[in-house]
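Q: Listed in order, the protein sequences are those of chains C and E.
Be aware that the first sequence starts at 1, since it is given in our numbering, and climbs by one per residue.
Be aware that the second sequence starts at 1, since it is given in our numbering, and climbs by one per residue.
Hint data in this document are derived by calculation from the structure and do not stem from the laboratory.
Misleading hints may appear alongside valid ones.
As the list claims (entries may be wrong) - With a Cα cut of at most 27 Å, we get these calculated BS3-like pairs of lysine-lysine: (1) Lys235(E) to Lys258(E); (2) Lys188(E) to Lys140(C); (3) Lys201(E) to Lys122(C); (4) Lys61(C) to Lys91(C); (5) Lys201(E) to Lys161(C); (6) Lys220(C) to Lys349(C); (7) Lys201(E) to Lys140(C); (8) Lys161(C) to Lys188(E); (9) Lys137(C) to Lys161(C); (10) Lys64(C) to Lys201(E); (11) Lys314(C) to Lys64(C); (12) Lys201(E) to Lys137(C); (13) Lys274(C) to Lys197(C); (14) Lys137(C) to Lys188(E).
Each chain, letter by letter, is given below.
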Amino acid sequence: MKKMRKLLAVVLAGAMAASMSACGGTGTASSSAANSTAGSSAAASTEGSSAATSTTGTNAKNFKIRMVTDTGGVNDQSFNQSSWEGLQNLKKSIGADVNYVESKQESDYATNLDKAADDDAKLIWGIGFAMAESIGKAAKANPDIAYAIVDNGYDAKTMPKNVTGVMFRAQEPSFVVGYIAGKTTKTGKVGFVGGIKSNIIDQFEYGYKAGVDYAAKELKKKITVDAQYAESFSDAAKGKAIANSMFSSGCDIVFHAAGGVGVGVIQAAKDAGKYAIGVDRDQAYLAPKNVLTSALKLVHAAVEDVSKKAIAGKSIGGQTFTYGLTEDAVGIPTEHKLMGDATYNAALKVEEQIKSGKIVPPANKDDYAKFGK
Amino acid sequence: MEKTAKILKKPITSTIIAIVCGFAVAAIVLAVAGYNPGSAFGALFSGIFSRPKYISNVIIKATPITLTALSVAFAYKVGLFNIGAEGQYIVGAVAANIVGYLCNFPPVIEIPLVILAGMVAGALWGGIVGLLKAKFGIHEVLTSIMLNWIAFYFSNLVVNSAAFHQPNSTAAYPVNASSYTMLLPNWKTSDAGMAAMSGTKWLREVMLKTDVNFGFLIAIAAAVFIWMLLYRSRKGYELRAVGLNHDAAEFAGIPVNKNIVITMLIAGALAGLAAALAITGTNPHRISTLSAFENNGFNGLSVAFIAGSSPIGCIFAGLLFGGLLYGGQSIQANIGAPSEIINIMIGTIVFFVALTAVVPKLAVRLEKRGMRNAK
Numbered sequence: 001m002k003k004m005r006k007l008l009a010v011v012l013a014g015a016m017a018a019s020m021s022a023c024g025g026t027g028t029a030s031s032s033a034a035n036s037t038a039g040s041s042a043a044a045s046t047e048g049s050s051a052a053t054s055t056t057g058t059n060a061k062n063f064k065i066r067m068v069t070d071t072g073g074v075n076d077q078s079f080n081q082s083s084w085e086g087l088q089n090l091k092k093s094i095g096a097d098v099n100y101v102e103s104k105q106e107s108d109y110a111t112n113l114d115k116a117a118d119d120d121a122k123l124i125w126g127i128g129f130a131m132a133e134s135i136g137k138a139a140k141a142n143p144d145i146a147y148a149i150v151d152n153g154y155d156a157k158t159m160p161k162n163v164t165g166v167m168f169r170a171q172e173p174s175f176v177v178g179y180i181a182g183k184t185t186k187t188g189k190v191g192f193v194g195g196i197k198s199n200i201i202d203q204f205e206y207g208y209k210a211g212v213d214y215a216a217k218e219l220k221k222k223i224t225v226d227a228q229y230a231e232s233f234s235d236a237a238k239g240k241a242i243a244n245s246m247f248s249s250g251c252d253i254v255f256h257a258a259g260g261v262g263v264g265v266i267q268a269a270k271d272a273g274k275y276a277i278g279v280d281r282d283q284a285y286l287a288p289k290n291v292l293t294s295a296l297k298l299v300h301a302a303v304e305d306v307s308k309k310a311i312a313g314k315s316i317g318g319q320t321f322t323y324g325l326t327e328d329a330v331g332i333p334t335e336h337k338l339m340g341d342a343t344y345n346a347a348l349k350v351e352e353q354i355k356s357g358k359i360v361p362p363a364n365k366d367d368y369a370k371f372g373k
Numbered sequence: 001m002e003k004t005a006k007i008l009k010k011p012i013t014s015t016i017i018a019i020v021c022g023f024a025v026a027a028i029v030l031a032v033a034g035y036n037p038g039s040a041f042g043a044l045f046s047g048i049f050s051r052p053k054y055i056s057n058v059i060i061k062a063t064p065i066t067l068t069a070l071s072v073a074f075a076y077k078v079g080l081f082n083i084g085a086e087g088q089y090i091v092g093a094v095a096a097n098i099v100g101y102l103c104n105f106p107p108v109i110e111i112p113l114v115i116l117a118g119m120v121a122g123a124l125w126g127g128i129v130g131l132l133k134a135k136f137g138i139h140e141v142l143t144s145i146m147l148n149w150i151a152f153y154f155s156n157l158v159v160n161s162a163a164f165h166q167p168n169s170t171a172a173y174p175v176n177a178s179s180y181t182m183l184l185p186n187w188k189t190s191d192a193g194m195a196a197m198s199g200t201k202w203l204r205e206v207m208l209k210t211d212v213n214f215g216f217l218i219a220i221a222a223a224v225f226i227w228m229l230l231y232r233s234r235k236g237y238e239l240r241a242v243g244l245n246h247d248a249a250e251f252a253g254i255p256v257n258k259n260i261v262i263t264m265l266i267a268g269a270l271a272g273l274a275a276a277l278a279i280t281g282t283n284p285h286r287i288s289t290l291s292a293f294e295n296n297g298f299n300g301l302s303v304a305f306i307a308g309s310s311p312i313g314c315i316f317a318g319l320l321f322g323g324l325l326y327g328g329q330s331i332q333a334n335i336g337a338p339s340e341i342i343n344i345m346i347g348t349i350v351f352f353v354a355l356t357a358v359v360p361k362l363a364v365r366l367e368k369r370g371m372r373n374a375k
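Excised from the complex, chain C in its bound form:
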């Protein structure tokens, strides 16, 4: 019995350690490059509303904004963290009252949104499309509070008028990195690793494929894209395995849109001495010699922008704000020593063409089929 107790203590300690490390996150030092580009772009994109905010500057201090994370937590190195950075910027720049509530399980969404409402928040952010249903319900129960959701459009059928959708045209940076991959590949074969199939990840996959095709047409050669899914957003080992098999079958560049899975993809590129392309934020810090570029999706710029609109008293509900290259909320990092100036400048030209509407990157399979023609 005594032995049992000892064993119990040891195992329990192990279990606690495991469970805690599971929810813990790592440092935030990583955001450097992505942030610096974002800083300038956010400033540019919000110039219009700055006049409005200065007149309502006194209001901003009392303006309570709460954010509810999805199960990734606030240190997820991805959109939760980025959104929180956006709100912290707001606190610094105009003194808004911001805070967050972390969700540990999916069943926490409803109670956490309710708690945020109890705090007398005027604007509540839900991060991630998994929260769409809960946001719709919470908004119905609290018609006086504005709700906004990242990565999910406003849907008049399931959501009341006080919900705002925030979407990104992720196909645009994906198209640009696809173009860069097409220009850079030597083997004529590149890879794509997705997380779990959904409309959001489709934007990345088909934007990327179209970008590769565009480069192939320009170079008058054939480039194939090998696309695979990890069925996870967290399994780094699986990402590594998929990327390894892609590299050994002849791919020399792999782009990922798979959250934590991508850490494994980048690791595999580092081991094989090949290239990986990062996503959401500038992931060059993970392997400076192997991350060719990153498809930036600057969630914090959008969060700041929409929040400022709300603070300025503009009506934001019942619609979807879409952010892309023209809003400077997506793009590629300025660091480009791995691809060289020629490719980088060509990529910037492609960006200009997307901005002017000459190229419309496809966001799903059907548009992609049309794009080829």
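Given the coordinates of chain C, assemble chain E onto it according to the supplied hints.
A: For chain E alone, kept in the frame of chain C given last:
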């Protein structure tokens, strides 16, 4: 002196000392991190008690961990360490979700069916562990840790399978509404229900803003049942004998191996019950892709330990733990202290409970000193 010794010998005393020490350490950590411990604990308690709906949420949060704790505590009484409650919970949730989604009978049939599915799956998962231990003597800790991971990936496999995956989400299809175990799920959102509740604000808050459900009542019933089984039945006497010394039990003619299998079946069923009640009783009524263990089973270990593996104690320890988990978020939301603080506090409490073996020894020493002084 003798009185102090007597109080110290009671198991509840050491638990309370452990909890007080846990709060003390958390206060030190908070102070070092630059937060006022007083306002932090104020936020914690107001996050638990200040509104009726918060209390309701604590009870909802406490339901699954009370049942998984019961699973662990029951197995522990028979000398088995059920670290596999986590995996048993996961397979229970998968089975309940699948059955609740595929079948759509009237609630009187549907609810027992879904709950039974969860219990059977959990029992099966626990039974494998028991069988391997009884037949081949493989240690239950090893097998159940492995089965936890198998359950984890099995759950993700089901969530992502074409048959159950809800497109554009990270989750499976939810169960049918006929399997809901909330209090009057249809009436409360109907016009008649709204009208009846409009007068009492707290009732409206509890009913509409929380998933108040029958789960905790079932958890209490299960705790009483396990207590009766252990202490008021012949079978329970056998089981406890196996737990105390299984060689002696075998010598006394008690079928040890059979009892080990039975124990693990029941323990697994309890964890499965926890999962089924969570699926039927709380939003979003479905399983979703797991990126890490949700700790429903592992938290049960801590709760069982705080309760000193007493079945009835699990109810109170479960409520304490549920309160810390739910109220702990208010510390973050109100004063900005990281929610990790609450994890440190929980860890410290469990740590001190592990140390409480010291307390009865202290009592013995006090007694001795008392006797010496008397002479």
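Q: Confirm or reject each hint.
A: Results of checking the hints against the structure:
1. Between Lys235(E) and Lys258(E), the direct Cα distance comes to roughly 11 Å. Compliance with the 27 Å bound is thereby established for this hinted pair.
2. Restraint check for Lys188(E) and Lys140(C): the C-alpha separation of about 15 Å stays at or below 27 Å, so the hint holds.
3. Pair hint Lys201(E) plus Lys122(C) holds up; C-alpha atoms about 22 Å apart against a cutoff of 27 Å.
4. Between Lys61(C) and Lys91(C) the CA atoms are separated by roughly 9 Å; this keeps the pair inside 27 Å, and the hint holds.
5. This hinted pair checks out: Lys201(E) and Lys161(C) have alpha carbons roughly 25 Å apart, not beyond 27 Å.
6. Under the criterion of a C-alpha separation no larger than 27 Å, the hint pairing Lys220(C) with Lys349(C) is consistent with the structure, at around 19 Å.
7. Under the criterion of a C-alpha separation no larger than 27 Å, the hint pairing Lys201(E) with Lys140(C) is consistent with the structure, at around 18 Å.
8. Annotation: proposed proximity of Lys161(C) to Lys188(E) holds, straight-line Cα distance about 24 Å (limit 27 Å).
9. With a CA separation close to 12 Å, the supplied pair Lys137(C) and Lys161(C) stays within the 27 Å bound.
10. A distance of roughly 25 Å separates the Cα atoms of Lys64(C) and Lys201(E); the hinted pair therefore holds under the 27 Å criterion.
11. A C-alpha spacing of about 16 Å is found between Lys314(C) and Lys64(C), which places the hinted pair at or below 27 Å, so the restraint holds.
12. A threshold of 27 Å between alpha carbons decides the hint, and for Lys201(E) with Lys137(C) the separation of about 19 Å falls inside it, so the pair holds.
13. Between Lys274(C) and Lys197(C) the alpha-carbon distance is near 25 Å, which keeps this suggested pair within the 27 Å criterion.
14. Only pairs whose Cα atoms come within 27 Å are accepted, and Lys137(C) paired with Lys188(E) is accepted, the gap being roughly 15 Å.
In summary, the structure agrees with every hint in the numbered list given earlier.
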